[in-house]
Amino acid sequence: MNQSTLHNGFTGYTQNVQEADRIMRERMLQCIKKLHEKNLHCLNEAKSHGKEKLFSEIETMHKRLEKFEQEINKQPIAHFKLEGLDQSDEDKLKMIEEKIERLAQECGDIIDNLSCSQVDMHIIEQYTRIASHLRLAERLYHERMMILKKAMVFG
1 MNQSTLHNGF
11 TGYTQNVQEA
21 DRIMRERMLQ
31 CIKKLHEKNL
41 HCLNEAKSHG
51 KEKLFSEIET
61 MHKRLEKFEQ
71 EINKQPIAHF
81 KLEGLDQSDE
91 DKLKMIEEKI
101 ERLAQECGDI
111 IDNLSCSQVD
121 MHIIEQYTRI
131 ASHLRLAERL
141 YHERMMILKK
151 AMVFG
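Sequential numbering from 1 applies to the sequence shown in the numbering used here.
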């Protein structure tokens, strides 16, 4: 497993929460996009080999990843501004963001380790693991947004 690079060069949330949120959403989005690209490759392979059951499983993941990307891309409410966060909240955010990155990397590793010689049931089991990881990443992302909502004030 790779060391987290998500926060490299990141100055934190204390100065400008809105800008920090934008930066971190972009970085998390890149992690999810890498995973999405790998999944898309598998989707095309399953389609070209006529593996309908596998194609269906991978397509479900494809749609879920698209939805997650849209959620990360969503801008905060315009008439709110974000003020500084407590250090404890910032620490929680960093921990959550690193977990999301780690989950995306693990999902990518699972896809990378799949081989053409594996039977469909094994591949489907692996995609079930990926779905479980992705559900957890989505839950963590919602938790992250709840922490950021604490910093929202009317502007």
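Check the hints yourself; a few may be wrong.
Said to hold, decoys possible - Below, in silico cross-link-like pairs of lysine to aspartate or glutamate (EDC-like), each with a Cα-Cα straight-line distance of 20 Å or less:
hint : residue 1 : residue 2
1    : K38       : E26
2    : K34       : E66
3    : K47       : D89
FYI, nobody ran anything at the bench for these hints, they're computed from the structure.
A quick look at each hint next to the structure:
no., hint, verdict
1, K38 x E26, "holds, 19 Å"
2, K34 x E66, "holds, 12 Å"
3, K47 x D89, "violated, 45 Å"
Comparing the model with each earlier hint shows a violation of hint 3 alone; every other hint is respected.
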